[in-house]
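Build out the structure end to end from the sequences listed, making use of the hints.
So the sequences go chain by chain: C and P.
For the first sequence, counting from 1, position 50 maps to 176 in the numbering used here; every step adds exactly one.
For the second sequence, counting from 1, position 161 maps to 142 in the numbering used here; every step adds exactly one.
To be clear, the hints were calculated from the coordinates, so they are not data collected in a lab.
Mixed in with the good hints, there may be bad ones.
Mimicking DSS-like on lysine-lysine, the simulated pairs with C-alpha atoms at most 25 Å apart in a straight line are [unchecked claim]:
(1) C:341 - P:470
(2) C:133 - C:198
(3) C:295 - P:495
(4) P:358 - C:332
(5) C:285 - C:198
(6) C:198 - C:295
(7) C:285 - P:341
(8) P:490 - P:343
(9) P:495 - C:332
(10) P:358 - P:321
(11) C:148 - C:198
(12) P:470 - P:341
(13) C:133 - C:332
(14) P:470 - P:343
(15) C:133 - C:175
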Amino acid sequence: MPARSAKILVVDDEPQIRTLLKATLFRAGYSVVEASNAREAINAKGIDKPDLVLLDLGLPDRDGLELVTALKAEPRSALIVLSARDQTEQKVAALDLGADDYVTKPFDTEELLARVRASLRQRLASESERQVVEARNVAIDLLARIVRRDGSEVHVTPKEWDLLEELAKHPGRVLTHDTLLRSVWGPAHAGQTEYLRVAIRALRQKLEEQPSQPKLIINEPGVGYRLIAD
Amino acid sequence: MDVGASEADLPAMADAGPMSLHMPLAARVQAYAGALAMVAVSTLVGMWIAPRWGTAPVDMIYLPAVLAAAALWGIGPGLLAGIAAALAYNFFFTTPVHTFRMDRVTDVVTVVVLLAVALVTSRLAGGIRHQARLAAAHAARNATIAGFAGRLLSCSTEEQIAETACEELHRVFDCNAMVVSGLPEPHVIAAVPAGNRLTPSDVAAAALTLESGESAGRATPRIQPAEWQFHPVRSSGSVIAATGLARDDGRPPVDDDQRPLLTNLLDQVALALERARADDDRREVTSLRERDRLRSALLSSVGHDLRTPLTGIIGAAAELRHEGGNDSALVATIESEAGKLERYISNLLDMARIEAGAVKLKTEPVDLIDVVSAALKDLRGGLSNREVSVDLPDDLPLVRADPQLLHHCLINLIDNAARHSAGEGNIHIAGTASRGEVRVTVEDEGPGLPQDQERSLDAFTRIEGSDRKGGAGLGLAIVKAFAEAMGAKVTASNRRNERGAAFSLLFPKSLIVKAAEPANAG
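This is the structure we're talking about:
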């Protein structure tokens, strides 16, 4: 937790959702600013300079994706989109436009807070690079390029390491299939999801307690993978 | 469409010469008399010229008379004029005068020339006249067809077209007309005069024409006892209607020489009917599309409206849970019931998408481990205290599927199992690969399926009234529809050695992603 409480801008046109989000975030120690439409959101972003924006994609006055671009602009703040379950394409589009993560409505408040923490941590981490990412019984040392499970080193292939490193650099955040394929295999392999599936399965074999019920590297159907870090 | 006609089409309207049998007797007599009169006038003029300038120019005087007679009245009067002119010239102007004897060779030549002129001129004039008549007949027929087509163009429904066609056929052929369609019982769409009834023979003839596309009925080789003569109305190879023609006196309604015209007119009727049907189809498609669009819009707005308060309820219940100090059982009930409502709404929206044909496939290689764990995570509270065992082998091949649709399938299958497992019965999820196919099975420990419902999902997938327990029908119907959209199969059976039902998703060979070792490639 940072020294001062992080400020979060909640953008949603439904007052009851804003009330719920405010209560949840307040309980977790954040200070909260509200906006009920795109115009207010742009204003609040300029005046209050929030550390993180929680943006509902279904605003009445402007396309949610356009607003993602506008709200990601300077000054920098993290951004999590709130979307309905059947809006997979919009989620992916928002992530491609620079959103840090998404939460599907209806959401579990603990999960929401975990996403908020991960996105804020990411923002702070970029200021002071993290060396070791710990997740359950696994420790990923990004400087030494070593992964340990229960304290003993696990051998991974170079591609597996590249993939694990990419996930560990953004702990708790979802990375789209496309992002992972591009950064690990290169832009020419962007469509080849099977590479990713096979590598993820290999990593799970090596790192998960029960590879068929993963708790460390989890999949968001149709979107991407997430490393659940402590 | 060919509206031009060959000469053979028009025997009645244009024949070889003007002096045909069709020319009335009086006109013929007049023509011959005229020819003789012209020769007489030429002779008088010659008699006036000869004493003054000699007989040399007189033979020329006869030429215009012969030319005119041949051109105006044809070969008969032309020849008569030629012969009369030759005789008159011989009698009045050649020596010896007032005899028919000819001494000079030039006089013989004059007579022969006059006859030849008569012959040639009458042939030429006859040919030209014939061409003119042909052209006029073509123009008249084209005008008939164009007028017919024009009147049909203003009709928009099948009935209007049939009525207009009957009126026009009645006018052109001066007979009774009707349009019939429909097999096996042809019915009259329109008739002129209205109220015409069909005898059984007529109905049989109409049916034969509609079925075979051949003319039938009166004065045709088929079903002659019929009072009406039926002709097919064809459109792109199929018979779409039949036109009946009849005369009150029982004579054949159309002569053979009128058949090509009739065929052309019926082609116009076919075009008009085809156009009307295409318009109808288009209107129907448009209205169906509009209805689907409205329904989808309504459902998605209902979905959104229901979800917003649900998000509030689920979130608020989670907050209560974290605050502690509340009755945790009550909070858990709120959470799990709200979760169920959420799934019902999702299923309703999914079903609406399926029914509107709006399911879009976006397939990619999918790991069933991902799909199963994501479904279990989403179901969370819905599984309450049930144990879920997952057995997915490390080497289970990837399958080609739409991850979202597969996710919804698994959620519904697991939810269905949770609903039917007795008490705190467990759920088993297993993946197997055999003979190139991959199967993922969800088993419960409930009472199982009645014998006759095994292997077929249809018994569960009726939406109305067949729910085994609260909404299961809809969920399984969605599983079936989504699986089939992806090319996978769903089967239902009872567990082999234990109590409980087993539902499987079966991915055929074509959906299995070939094992490759690309992870370290590049």
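State the violated hints by number, sorted upward, taking the hints as numbered earlier in the document.
Checked against the structure, the hints that fail are numbers 1, 3, 5, 7, 13, while the rest are satisfied.
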